Every structure is written in C-alpha cells, then in structure tokens.
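2 protein chains.
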Amino acid sequence: MNRKQEILNLARRLFAEKGYNGVSMRDIAESLRISVGNVTYYFKRKEELIEAIVLDMQKEYKPRPAPQTLGELAELIVHIQELQEQLAFYFGHRTQLAQVSAKINEIQIRMLRENKILWQRTFQNLSLAGLIKKEDYPHQYDHLCKALRMVTMYWSELSKLEAESFPEKVELKECVWGMVIPLLTDEGRKLYEREIAVKA
Amino acid sequence: MNRKQEILNLARRLFAEKGYNGVSMRDIAESLRISVGNVTYYFKRKEELIEAIVLDMQKEYKPRPAPQTLGELAELIVHIQELQEQLAFYFGHRTQLAQVSAKINEIQIRMLRENKILWQRTFQNLSLAGLIKKEDYPHQYDHLCKALRMVTMYWSELSKLEAESFPEKVELKECVWGMVIPLLTDEGRKLYEREIAVKA
Chain A
1 MNRKQEILNL
11 ARRLFAEKGY
21 NGVSMRDIAE
31 SLRISVGNVT
41 YYFKRKEELI
51 EAIVLDMQKE
61 YKPRPAPQTL
71 GELAELIVHI
81 QELQEQLAFY
91 FGHRTQLAQV
101 SAKINEIQIR
111 MLRENKILWQ
121 RTFQNLSLAG
131 LIKKEDYPHQ
141 YDHLCKALRM
151 VTMYWSELSK
161 LEAESFPEKV
171 ELKECVWGMV
181 IPLLTDEGRK
191 LYEREIAVKA
Chain B
1 MNRKQEILNL
11 ARRLFAEKGY
21 NGVSMRDIAE
31 SLRISVGNVT
41 YYFKRKEELI
51 EAIVLDMQKE
61 YKPRPAPQTL
71 GELAELIVHI
81 QELQEQLAFY
91 FGHRTQLAQV
101 SAKINEIQIR
111 MLRENKILWQ
121 RTFQNLSLAG
131 LIKKEDYPHQ
141 YDHLCKALRM
151 VTMYWSELSK
161 LEAESFPEKV
171 ELKECVWGMV
181 IPLLTDEGRK
191 LYEREIAVKA
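Protein chains in written order, with the UniProt record's numbering: chain A, 1 to 200; chain B, 1 to 200.
Chain A on its own, in the form it takes in the complex (with noise of 0.2 Å):
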C-alpha cells in the first residue's frame, strides 16, 4: 500500500473515532508517525483528504433498484440506517461538508436527485401493487417523498445532537415505518404484521 492510500485510510478511521472536527492534520501525522509536511505533501488541506474519502465511498456506492414488496423496503430501511451509522462521520455534518467542498456539495446533490426518484419509484411501485392507498389528493406522495428524505438524510445529524441529552432512542426504521403504515392498504397491513413486524 502506497503512503497516500495509507494516509486516507488513517483518516477515515480517525474521522470516524473522533469526527471530522475533532481530527487535525497533526493528528494524522502523529499517529503514521511522519512529519506534518509530509502528510500536507500528499493532500494540502484536510478539506481535500475528506473530499478524496468522499469521492472514494461514492465510488463503492451502487444505486438500489426501488422496492417493490414490503420485504425489499424493509431492507432499504435497514440499510439506510446502517449507511448512517458507519458513515456518521460524514453524515453528522453533511452540511458543514458541502461547505467546505464544491465536489462534496456536487456529490450530494446527485445524490439527493437519486435518492428522490428512488423514493418515488418505490411509492409508485408499492401503489401498483395494492400495498399502500391511492394518493388522497394530488402530489401527496411527492411531499411525502420530500419528508422521508428529510428523515433519512439528516438522521446522523440529529441523532448526534440528542445523543446526550435525549434518554430514549427512537429507530429510524421506527421513524420511517411510522410514516408509511398509515398508508397501507388492509392487504399492506396483512403483509406487514405477518413478514415485517414479527421480525422488528
């Protein structure tokens, strides 16, 4: 393994430990056990190390196809949730991410259009199937598409900043689900209790 992937590797595990403010460029160094300049020789600023670990997780990313059974979503939900815990690092401040990189800010955009036609792929796949009820009037699943990225981008976010000062913990399986069941047609609701609540 070269010096530069060597590096990168170090500091996604340190951004994960520590998070991304709490890791410095010393700190990097300190832990290889290289000089400073020779970390900043590979990468000049710990802006452009979180953009390559960025652009390296969007590499290994492969778009979902959208469910079309309640099986399938309850796996996108479970996998969305365990994406958020492993990359809390960059999840818990996205935000603060996309401002200090133009690429970050790109990636997430094209995420976030992809991220939105797979939600509408899914409430149109789930409506074809008899699973969830017809729209109540018109657009309600798009706002309602809009609501469930809310809560799965920014999940790590506000999981981070209720983490010492909010004693019960709310899923965000049981988030998400509280949104959709209210949906389900009496079939859904069948299929639901008998393949997805007996597991949860």
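It should be emphasised that the hints constitute simulated quantities derived from the structure, not laboratory data. It cannot be assumed that every hint is accurate.
Which copy? The list can't say, so a pair holds if one copy fits it or any two copies do.
Derived DSSO-like pairs (lysine-lysine); straight-line CA-CA distance at most 27 Å [said to hold, decoys possible]:
#	residue 1	residue 2
1	116	173
2	169	134
3	4	62
4	4	173
5	116	134
6	169	103
7	46	59
8	46	173
9	169	133
10	103	18
11	103	62
12	103	116
All figures in this text were calculated on a predicted structure; none of them were measured in a lab.
Add chain B to chain A, keeping to what the hints say.
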C-alpha cells in the same frame, strides 16, 4: 443606539443576505465605515457575533401552546415556515453553528426538547378531540413526532442544498400536512377540507 448594538444589527442583516460563511469581520467593518479593530473590540471573533445574535433571537422567542384544533395546527405550521425563511441564515446551517459555539449547541438542545413536547402535546390534543385516529401501535406518534421534528428543523438546510438544482418546490406545510392527513379521522378530514384546504 450604541456601537455594539449597531454592529450586531448590521451583522444580522449581512448574515441574512449572504449567509454566515459569506460574511467576514472585514465586511462588517467596511459596511459600518469603521476599522476591523473597532469591531473586534466588541466581538473578538465572528463566532461571538453569531452567538450574540442567536442569544437575542432566543430572548424574543416565546414558546407556543400546543394546537388544540386543526386551525391552530395550520397556524403553527405557517409560523414555523416563516421562522425558517426569516432566519434562514441560522436554520440553514444550524449544525455548523452548534459546532462553533457551545452556547448555541445548548440553545439548540433546549429548543429540541421544547419542540418535542410541543408535538407530543399536539398529537395528544388532536387525539382527544377526535380529530386524529388512535395510535395503531404503541409509540406510533412518538415516532411520527420525531419525523415531524426533523422535517421542521432541517427545512432550510435542505432547501438551500436543493435550491439550484431542483426545479419543483415543495413547501414545508405541504410536507407536514402530507404526514398528518393520513392520520385524520373522518371528522378530522371533513374539518380539514372545510377549514384548511380551501385556504391553502
């Protein structure tokens, strides 16, 4: 008006126009035609300025009683949307501001707690008034409250990110009603259509 208050008022106006990260101490000094040293005599760093502004906002803030009717809920939602728009320089990067100032972090946690109680009482009131259905399962409304808190808290942050690249605009009130309408009882639904939908 004294110099200190003059600096605060101007900073607040500039932050509102250009965003917190778009304004430097120099910009503030130049707008007032005074020296940077004259500004830093009152506020050493920009962080102290935003802290003072947020503390002022906090003093003006009066907790609202929890809505007992759908009309009051509609008013609350409009009020939140207005706040988010007026104070976008604050709500648009609240996470970052909590990170630069321990006092702001503290205020945010206090507001989160009050917000949580506000939404919980709202659900209780509307349930008791027969306007929304009884919980389908334990804690359903706790989970929905958390989702509602996220949507109302992060509205400006997401709007800012989406502004340039998402043509269609979903309003905060559409998002919130999208989550509440599926919970309405038949009576709640009739009232909603007679009193709220026609004005929207």
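Legend entry - Structure versus earlier hints - violations, ascending order: 4 and 8
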